[in-house]
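Protein chains: 2
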Amino acid sequence: MEKTVQMYEGKAKKVYATNDENYCIVSYKDDATAFNGLKKGTILGKGAINNRVTNHLMKLLEKSGIPTHFVEELSDRETVVKKVTIVPLEVIVRNIAAGSLAKRLGLAEGTKMKSTVLEYCYKDDELGDPMINEYHILAMEFATKEEIDLIAKYSFKINDVLSHYLKDANIELIDFKLEFGKTADGQIVLADEISPDTCRFWDTVTGEKLDKDRFRRDLGHVEDAYQEVLKRLMGE
Amino acid sequence: MEKTVQMYEGKAKKVYATNDENYCIVSYKDDATAFNGLKKGTILGKGAINNRVTNHLMKLLEKSGIPTHFVEELSDRETVVKKVTIVPLEVIVRNIAAGSLAKRLGLAEGTKMKSTVLEYCYKDDELGDPMINEYHILAMEFATKEEIDLIAKYSFKINDVLSHYLKDANIELIDFKLEFGKTADGQIVLADEISPDTCRFWDTVTGEKLDKDRFRRDLGHVEDAYQEVLKRLMGE
Ligand SMILES: Nc1ncnc2c1ncn2[C@@H]1O[C@H](COP(=O)(O)OP(=O)(O)O)[C@@H](O)[C@H]1O
Ligand SMILES: Nc1ncnc2c1ncn2[C@@H]1O[C@H](COP(=O)(O)OP(=O)(O)O)[C@@H](O)[C@H]1O
Ligand SMILES: [Mg+2]
Ligand SMILES: [Mg+2]
Numbered sequence: 001m002e003k004t005v006q007m008y009e010g011k012a013k014k015v016y017a018t019n020d021e022n023y024c025i026v027s028y029k030d031d032a033t034a035f036n037g038l039k040k041g042t043i044l045g046k047g048a049i050n051n052r053v054t055n056h057l058m059k060l061l062e063k064s065g066i067p068t069h070f071v072e073e074l075s076d077r078e079t080v081v082k083k084v085t086i087v088p089l090e091v092i093v094r095n096i097a098a099g100s101l102a103k104r105l106g107l108a109e110g111t112k113m114k115s116t117v118l119e120y121c122y123k124d125d126e127l128g129d130p131m132i133n134e135y136h137i138l139a140m141e142f143a144t145k146e147e148i149d150l151i152a153k154y155s156f157k158i159n160d161v162l163s164h165y166l167k168d169a170n171i172e173l174i175d176f177k178l179e180f181g182k183t184a185d186g187q188i189v190l191a192d193e194i195s196p197d198t199c200r201f202w203d204t205v206t207g208e209k210l211d212k213d214r215f216r217r218d219l220g221h222v223e224d225a226y227q228e229v230l231k232r233l234m235g236e
Numbered sequence: 001m002e003k004t005v006q007m008y009e010g011k012a013k014k015v016y017a018t019n020d021e022n023y024c025i026v027s028y029k030d031d032a033t034a035f036n037g038l039k040k041g042t043i044l045g046k047g048a049i050n051n052r053v054t055n056h057l058m059k060l061l062e063k064s065g066i067p068t069h070f071v072e073e074l075s076d077r078e079t080v081v082k083k084v085t086i087v088p089l090e091v092i093v094r095n096i097a098a099g100s101l102a103k104r105l106g107l108a109e110g111t112k113m114k115s116t117v118l119e120y121c122y123k124d125d126e127l128g129d130p131m132i133n134e135y136h137i138l139a140m141e142f143a144t145k146e147e148i149d150l151i152a153k154y155s156f157k158i159n160d161v162l163s164h165y166l167k168d169a170n171i172e173l174i175d176f177k178l179e180f181g182k183t184a185d186g187q188i189v190l191a192d193e194i195s196p197d198t199c200r201f202w203d204t205v206t207g208e209k210l211d212k213d214r215f216r217r218d219l220g221h222v223e224d225a226y227q228e229v230l231k232r233l234m235g236e
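Listed in order, the protein sequences are those of chains Y and V. The first sequence runs 1 to 236 under full-length UniProt numbering. The second sequence runs 1 to 236 under full-length UniProt numbering.
Because the hints were derived from the structure by calculation, they are not lab data. Possibly wrong hints are sitting among the right ones.
The list cannot tell twin chains apart, which means a pair is met if one copy fits it or any two copies do.
Claimed, not checked - Under the rule of at most 27 Å between Cα atoms (straight-line distance), these lysine-lysine pairs were calculated in the DSS-like manner:
hint, residue 1, residue 2
1, Lys114, Lys182
2, Lys103, Lys209
3, Lys153, Lys114
4, Lys3, Lys29
5, Lys231, Lys182
6, Lys145, Lys112
7, Lys145, Lys103
The task is simple: from the sequences and hints, build the whole structure.
Below, the structure written as structure tokens:
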């Protein structure tokens with residue numbers, strides 16, 4: 001498969017068209033942003049780590065019955081994926097209160113939720129990715145009822161599979177963000193990435209943060225944390 | 001029924017205990033607040049109007065099968081209601097985009113929604129009544145799944161009944177806020193008020209605002225608007 005034109009450059013990845021219209025190639029960057037683009041920086045080696053971690057986890061999820069966009073890893077930073085129309089939602093899954101949820105509800109970070117919380121944000125940088133609910137999704141026609149139900153079902157299943165898998169690597173899955181897309185033939189698949197950029201990973205024993213919060217909150221050892229996740233998941 | 005001690009003074013009403021522990025007496029004030037209490041003022045005659053409009057609409061809803069807290073109007077400003085434990089949610093029903101929804105989704109005020117939107121806010125002044133969804137409600141145990149389903153069902157029904165009723169008075173029901181409570185025997189009933197303080201009412205022909213937005217946005221003729229609603233609904 002050959003890259004042709006660049007379709008899109010996002011904050012963390014570039015997306016290229018290929019000679020096959022059903023596929024595209026994503027190329028992961030070392031660029032890091034936070035607070036809706038207000039904070040900018042670089043995390044050396046992040047692109048390669050996020051590419052490999054994402055593909056590793058997507059393969060695991062495929063085996064557990066979750067359809068994903070993953071096709072083939074091409075290199076350190078580049079992967080062939082099914083081209084999809086992204087459902088304009090960030091689906092956030094939360095097991096433990098942290099970040100915006102802790103603030104919104106006045107909970108201490110680290111509070112275990114009595115049940116898993118799903119949140120939907122409308123993926124729109126200009127509006128600041130506002131939180132919405134299922135009624136907004138239907139009224140705005142971002143997705144149909146059937147699509148939302150499937151996305152919610154997949155999200156809970158992904159949470160189950162990943163939480164258990166990560167626990168064996170001494171990583172607690174606090175929360176994470178998913179994006180789903182629709183293939184040319186109308187199938188809903190997991191798209192985008194699953195990485196320390198898009199998840200909160202805490203060491204199960206020490207509580208140490210192994211994710212992008214080290215960058216957001218200037219905690220230091222940012223690169224080390226990404227490396228550590230790669231090592232725990234893929235032994236290198 | 002006799003008022004005994006004041007149980008609570010809110011921004012728009014006082015609530016008194018009575019000699020019967022299953023009932024309380026609400027007393028409507030002329031005080032007006034907006035933007036989570038940042039803006040304060042007085043709307044002359046508002047208390048009496050909101051008391052009468054609320055009771056009028058609650059009686060209409062009871063006839064349509066919605067259980068409410070309404071018991072008996074005592075005077076211009078005072079009404080006996082069933083004492084309930086308020087479910088700590090503001091339930092917002094939206095037919096047309098306005099206010100915070102228009103802002104959140106980048107819609108022009110007045111945009112008709114393709115389907116009715118329900119929103120839940122956690123009723124907590126200190127947190128600024130943050131918007132939450134059903135998953136938060138369950139995880140925080142603000143209500144059970146059965147209670148949420150019933151509250152949603154009632155809210156849609158109330159929207160239907162009121163929209164039709166108000167249209168005959170040349171009032172378009174844009175959006176409104178509801179509160180529900182639980183009686184001593186565990187029944188979910190509509191509580192609080194339904195008034196120009198808690199609804200957006202637009203004249204169906206001119207689009208003129210007949211609600212608290214006149215106060216929030218300094219549009220003038222605030223008292224006139226409240227009077228006009230009373231007149232259209234109760235002929236006086
Ligand atoms: N399989 C796919 N097909 C098409 N677009 C995708 C696919 N997977 C992810 N994308 C999109 O690629 C874009 C690039 O990713 P990213 O740099 O994270 O962008 P953003 O700055 O929007 O977060 C995102 O808009 C994402 O939704
Ligand atoms: N039937 C009822 N029993 C007990 N409390 C009620 C009932 N109906 C409404 N309330 C509560 O009475 C309080 C007074 O009303 P209001 O002045 O509007 O208060 P607030 O400033 O909290 O909005 C509110 O907290 C409301 O939830
Ligand atoms: Mg992204
Ligand atoms: Mg109130």
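Each hint, compared with the structure:
In this assembly of identical chains, the alpha carbons of Lys114 and Lys182 lie at most 27 Å apart only when taken from different copies (22 Å versus 32 Å within one copy). Taking CA atoms no more than 27 Å apart as the test, Lys103 paired with Lys209 passes inside one copy only; the shortest distance there is 18 Å, against 35 Å between copies. For a Cα distance limit of 27 Å, the shortest separation of Lys153 from Lys114 qualifies both inside one copy, at 18 Å, and across copies, at 25 Å. Taking CA atoms no more than 27 Å apart as the test, Lys3 paired with Lys29 passes inside one copy only; the shortest distance there is 16 Å, against 68 Å between copies.
Taking CA atoms no more than 27 Å apart as the test, Lys231 paired with Lys182 passes in neither setting, with 32 Å inside one copy and 53 Å between copies. In this assembly of identical chains, the alpha carbons of Lys145 and Lys112 lie at most 27 Å apart only when taken from different copies (20 Å versus 29 Å within one copy). When the C-alpha separation of Lys145 and Lys103 is checked against a cutoff of 27 Å, the pair qualifies only between copies, where the shortest distance is 24 Å, while the shortest distance within a copy is 30 Å.
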